[in-house]
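Participant: Each chain, written out:
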Amino acid sequence: MDFAQHLLNGLLQGCILALIGLGFSLVWGILNIINLAHAAFIMLAAYLTYFLWALIGVDPFISLPLTMITLFGIGYVMQRYVINLVMGASILTTFLLTFGFESLIVNLALRFFSADTRQARPAYANASLTVGPLYLPYTQLGAVLVALLLTMLLYVFLDRTRTGSSIRAVGQDRVAARLMGIDIARTYALTFGLGAALAAASGTLLSTTSGFAPNGFAAFNVLAFSVVVLGGLGSIPGALLGGLVFGLVYEFSGTYVLPQRDVVIFAILILVLVFRPAGLLGREGYR
Amino acid sequence: MNLAIFVVGLALAIVAARPRAPASQRRLATAALFGVMLAAPFVSSSTSILFDALTAMCIAYGWNIIGGFTGYAAFGNVAYLGLGAFVAAGFMSRQPGHLAWPWFVGIPLAVVVTALVAGAIGMVVLRLRGHYFSIATLGVGVAMPQVITADFAFGPHGLIPNFFGGGLPLNFPLAPEVQIGDRSLDADRFFLYFLGLFSALIGWGVTRSLAQRKFGYGLIAIRENEEAAEVMGVDTTVSKVLAYMLSAALAALGGAVVGYKLTNMTNEADALFSTTNNLQMIVICLIGGVGTLWGPWIGAFVLFGLQEALRTVSSSAEFLAWQGVIFSLLVVLVVLFLPRGVMAFVTSRTRLTWRVFARSLVANRV
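These protein sequence lines are chains A and B, in that order.
Note that the working numbering gives residue 85 to position 85 of the first sequence, counting from 1, and the numbers run on in steps of one.
Note that the working numbering gives residue 1133 to position 133 of the second sequence, counting from 1, and the numbers run on in steps of one.
In silico negatives: residues of chain B with every beta carbon more than 12 Å from chain A:
1. Met-1001
2. Arg-1018
3. Pro-1096
4. Ile-1160
5. Ile-1202
6. Glu-1226
Far from chain B, by Cβ distances over 10 Å, these chain A residues were calculated:
7. Phe-72
8. Pro-133
9. Gly-142
Which residues of chain A face chain B? A partial, calculated answer using Cβ under 7 Å:
10. Leu-85
11. Leu-92
12. Leu-96
13. Ser-103
14. Ile-184
15. Asp-262
Quick caveat, the hints were computed from the structure, so don't treat them as lab data.
Computed from a predicted structure; not experimentally measured.
Built from N, CA and C at the ideal position, the CB exists for glycine as well.
Chain A with its partners taken away, still in its complex shape (with noise of 0.2 Å):
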């Protein structure tokens, strides 16, 4: 029964990894940037949601809308007012500068909140929904359903209303898209602040699952990039079989193969960048 109870950890892992990395497969697909700020962000919404728990008592999928609304302000002021001045800019630059910004925020982060480790707790978080002899910690239910629903509001929103068309018009070509009335400014400012609000709900629903300190994040920027190759660049569905994928990656490695899980993660995407390139479900030839 050991080998289920891993599945269904790493599945509900994997939900949470899908978000993570379909905040980083939008910016990266739209944009056509890395951003290495991701991991910034997600700390700075699970810092959020942990001090509005524990110094007014918010309960953390309360506080969820306000943390992404929060990071989705912070996102777009910076792509609007500074990474759009390095869009035309060589890959180094716009590398740099994000990694500048994810390594500014963390060692603010650890300036004002120390290094210590931390943890939003609900009254429920140690309560689990038994299943047979399964464990199902309501924290964990509730992230993996709210990383489902965030999903598939991700994809109705691009694919139905207009602002989601002018985002992927963008994408496709960004020339034609300018010509045709889009403000291109505006949509990467937009898009960028989308990428982070679905960082920031990752990094809320984290916050109740595991305890966290600033030096904890840096391995999401890697693992994020990982789930976008895997599953394909620009696809909705692929980052979430991409996710899932690594969740059960991260947990079984853990336990079975290797207990330095980055190696193996880091294989893994070696082999799939040069035997698939595009991906499981991405398009040949998508950029």
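Please build the complex by placing chain B on the supplied structure of chain A, with the hints as guidance.
Facilitator: Only chain B this time, still in chain A's reference frame:
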């Protein structure tokens, strides 16, 4: 005193870097610069920050080869910096089970080993381009500290048992004090400083010879247009892997010298493999000028000169607490305002005005 050395060194490096100055003047400035660096430990009572600047410069010269000349934005050279330090410690340590080789054997050997490892990794990751290459190398940086602590390879019963400590302490031997007559010269101030200077000069020399050779031109051709370079007869695969190996070798050299000074490797893995170290080499190149001979030299002197200046005006505890924040802010500002580095002013007739910064800021906006 150190601040004065930084300022003089920077001024001489800028004179030496000016392309339109007469060759004799540039040669004179270069000679004067090396003279100042050789004399530094005799006039400065603590050469610690100069040592930091010179080793970081050596590592930055390494990044400059792959990131600057070849145009592949590598983000994981910190892996080779750390690996170089640990392999050197493995060869030089006097703990039981280690080889206790002298530094002039241990460090060069560590550089060779690291370069070979980088060659193997490079053959895979250099098949990727753009974002994919950058993230793959970033992954190398994340995975390397985990690999050297992996039980199956380097644990008590691993393939090479306890080479990297494997739970036991791993130390470099103490650096020797040099006796001249009845005076003994402090190891930190003299011996290690000269080792740092030597490594920086190797980085400089390698870059200089690259810039004059067919191989170096091939790398620049790859940066400008890889397909065209291939058509023109550059063996791009071999060139890229060699450039990557060279870049890792310099990172390992700098890392091994830094490790030699830190001495105790057991607690230093986090410090060596840190994000700051990873960013630092790139930022140094960026401040000075990516893909130029004098860029890393100028960048290192600006960065560490600034650090020294900040340390003299504030208390050191306060400075330490804010160091990370200041450094990251500097990264962001340099990327936005000075993307071509100080060399942009040195090589062209651009005057140092606010308008130049404003123009760089908006040059690549949407």
